[in-house]
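Peer 1: Using the sequences plus the hints, can you model the full thing?
Chains A and B, in that order, are what the protein sequence lines are.
Going by our numbering, the first residue of the first sequence is number 2, and it counts up by one from there.
Going by our numbering, the first residue of the second sequence is number 525, and it counts up by one from there.
Derived by calculation from the structure, the hints in this document are not laboratory data.
Nothing here was measured: the structure is a model prediction, and the numbers come from that model.
Every residue, glycine too, gets a C-beta built ideally from N, C-alpha and C.
To spell it out: a stretch of chain A is covered by chain B in this simulated footprint if at least three of its residues, at any positions, have a beta carbon under 8 Å from a beta carbon of chain B; those stretches are:
#1 247-254
#2 334-347
#3 370-377
#4 446-453
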Amino acid sequence: MSDKEKINEIAKERERWEKTTLPKWIGQSPERKSEFRNHSGTLIKRVYTPEDIKDLDYMRDLGFPGEYPFTRGVHATMHRGRLWTMRQFSGYGTAEQTNQRFKYLLKEGETGLSIAFDYPSIRGYDSDHPFSKGEVGICGVAVSSLKDMEVLFNGIPLDKVTTSMTINGPAAMLLAMYIAVGNKQGVPMEKLGGTTQNDVLKEFFAQKLIIFPPKPSLKLVTDIVEYCTKHVPRWNPISISGYHIREAGGNAVQELAFTLYDGITYVESCLERGMKVDEFAPRLSFFFAAHNDLFEEIAKFRAARRIWAKTMKERFHAKNPRSMWMRMHVQTAGFTLTAQQPLNNITRVTIQALSAVLAGTQSLHTNSFDEALALPSEEAVRIALRTQQIIAHESGVVNTIDPLAGSYYVENLTNEMEERTMEYFRKLDDMGGAIPAIEKGFFQKEIADSAYEYQKEVDEKRRILVGVNDYTTEEKQPIKVLRVDPKVEEEQVTSLHKLKSERDNKKVNEMLEKLHYATEKDENLMPIIIDAVKAYATIGEICDVLRKIYGEYKELIVI
Amino acid sequence: MQNQRKIRVLIAKPGLDSHDRGAKIIARALRDAGMEVIYTGLKQTPEQIVETALQEDVDVIGLSILSGAHKTLFPMIMELLKQKGLTDVLVVAGGIIPEEDVPEMKKLGIKEIFGPGTRTDKIVQFVFENVPKRT
Numbered sequence: 002m003s004d005k006e007k008i009n010e011i012a013k014e015r016e017r018w019e020k021t022t023l024p025k026w027i028g029q030s031p032e033r034k035s036e037f038r039n040h041s042g043t044l045i046k047r048v049y050t051p052e053d054i055k056d057l058d059y060m061r062d063l064g065f066p067g068e069y070p071f072t073r074g075v076h077a078t079m080h081r082g083r084l085w086t087m088r089q090f091s092g093y094g095t096a097e098q099t100n101q102r103f104k105y106l107l108k109e110g111e112t113g114l115s116i117a118f119d120y121p122s123i124r125g126y127d128s129d130h131p132f133s134k135g136e137v138g139i140c141g142v143a144v145s146s147l148k149d150m151e152v153l154f155n156g157i158p159l160d161k162v163t164t165s166m167t168i169n170g171p172a173a174m175l176l177a178m179y180i181a182v183g184n185k186q187g188v189p190m191e192k193l194g195g196t197t198q199n200d201v202l203k204e205f206f207a208q209k210l211i212i213f214p215p216k217p218s219l220k221l222v223t224d225i226v227e228y229c230t231k232h233v234p235r236w237n238p239i240s241i242s243g244y245h246i247r248e249a250g251g252n253a254v255q256e257l258a259f260t261l262y263d264g265i266t267y268v269e270s271c272l273e274r275g276m277k278v279d280e281f282a283p284r285l286s287f288f289f290a291a292h293n294d295l296f297e298e299i300a301k302f303r304a305a306r307r308i309w310a311k312t313m314k315e316r317f318h319a320k321n322p323r324s325m326w327m328r329m330h331v332q333t334a335g336f337t338l339t340a341q342q343p344l345n346n347i348t349r350v351t352i353q354a355l356s357a358v359l360a361g362t363q364s365l366h367t368n369s370f371d372e373a374l375a376l377p378s379e380e381a382v383r384i385a386l387r388t389q390q391i392i393a394h395e396s397g398v399v400n401t402i403d404p405l406a407g408s409y410y411v412e413n414l415t416n417e418m419e420e421r422t423m424e425y426f427r428k429l430d431d432m433g434g435a436i437p438a439i440e441k442g443f444f445q446k447e448i449a450d451s452a453y454e455y456q457k458e459v460d461e462k463r464r465i466l467v468g469v470n471d472y473t474t475e476e477k478q479p480i481k482v483l484r485v486d487p488k489v490e491e492e493q494v495t496s497l498h499k500l501k502s503e504r505d506n507k508k509v510n511e512m513l514e515k516l517h518y519a520t521e522k523d524e525n526l527m528p529i530i531i532d533a534v535k536a537y538a539t540i541g542e543i544c545d546v547l548r549k550i551y552g553e554y555k556e557l558i559v560i
Numbered sequence: 525m526q527n528q529r530k531i532r533v534l535i536a537k538p539g540l541d542s543h544d545r546g547a548k549i550i551a552r553a554l555r556d557a558g559m560e561v562i563y564t565g566l567k568q569t570p571e572q573i574v575e576t577a578l579q580e581d582v583d584v585i586g587l588s589i590l591s592g593a594h595k596t597l598f599p600m601i602m603e604l605l606k607q608k609g610l611t612d613v614l615v616v617a618g619g620i621i622p623e624e625d626v627p628e629m630k631k632l633g634i635k636e637i638f639g640p641g642t643r644t645d646k647i648v649q650f651v652f653e654n655v656p657k658r659t
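Peer 2: Here is the structure:
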């Protein structure tokens, strides 16, 4: 029997089953809902069969791990060779406090660092700026100058760890500081490994921690890519991020499509700069959320790898297979954590983490159960890390690569994710690209609509959230939450003022003037920013120079 | 005949955090319930928020904050409202505000704090029931 004949045979049998066996069961116990849908609205069938993947061509669509189109993974041995990097996003209070938390996490078996900066640092203000009042060290660690960065990595050799930095607008300054710390430790920049998020496009419609308008923002991103390609070869200069798109309310398809389209925009920008695709593309990395719908998420990650590989090959004519690799970091979705019955979050995080592992992630952050209430306590963050270790060492899911390949359901969903993503790509191409789409508020509206729809589903109990709109309990679980001492701000401001009075201010001014000049000349700003931070110019001072020339972004409000 | 004036609401994001998912959803829900909603956008200083409230002649202010800076910023906002004579405006808040801070926030004059997981219709209902009556 040919494949086609086999499929016809199955189709016939399915029709028979639907007419004979199924009605009896439905008569006795009707299905719980008239239709079942996943988060991105796909109608989920009762059962999937070979019919649903009849066009799947194994070598074309899946291939082998480590080979095009990389659906099954970017490495040939995947987690059998090396487990993913367990990288917990952390930072609060002073650099000294966060340094302690880093050391604690490394002692507990974490394998990479990830810095959460406070809002003033993220928005390019020093700790003593009026905007910083009440925010210093609260949601992340306060870093205003190289001095803080030196304390942050005190006793942590930069050639022994890799570090991820969630930083966008001031990414160049923080990377410059990291390079300078390495320099002081005797670690040359060729040996530094890590990631700067440096994905400004999604800032305009998802994370929204923006300093400069789109065009100069994109210029700074490209400067970093260009500089790293030449001088910091082990650095991932951008982490193209869907996580925030999802958290802002986008569904899985929107997360996938908008993220990859941002990726396309960065590639185009680097090509316009005169770089060759195979020089920089291998270091582009990605960052996604892992939400609650296990199979939808797995399909999303697998589709992401395949679409990116095809895009790099077909749209940008990459030759180096590494240019086609989508290496990803995943974080479990913070939005799904509930303040009600917070211990239940441990279960949610486990399911979410499992999707990322089953789909072959390179790096993972698991959220702590208390994060809907406050910053994570030491106990909560340890449990989050242990969750990863249990999945890695006890569950057995890592013993084979891409174990869900061939599942009628998962392959069908993977294909559907790809098709819907390509539809968005066409729409965005027609709009003239990501920046015009941002300026029109396209992404913003799409995300806001999905967020509102999700909330309505919860309010109307079409979507059950355990402990929130069902299975509620009056009983309070006492959770001891971490509070940042309000004295942190005072201490931080005092030490910043001390620095400003003790450093060579003549040299600082000279550097800032040079920066002004280089910015006007539209040069690559990385070298001068490195010199400026080494002279202890602060993030605020450097950003002020750029603000003067580039202006500040004014939010386009889309409700 | 007096025209029935729509309830005017200012949804404001004080502080530096950018989590606007909740603020936007609330803005939409109140609008769908027939209110006139003004949304400030992100990164508003206490001065800007109070100035907008004054300019827009609002009946209700909804403050949304998830950065943890509420203990610094809410007192500043409430004090400025007092200075400007906006004492009859209904002020409510939402976001990540630890339970133990709620009494202190209410003492400032914030009528209610809506934590994560609150149904939007609860908030709509609260506004209808507590909005000051215009004479």
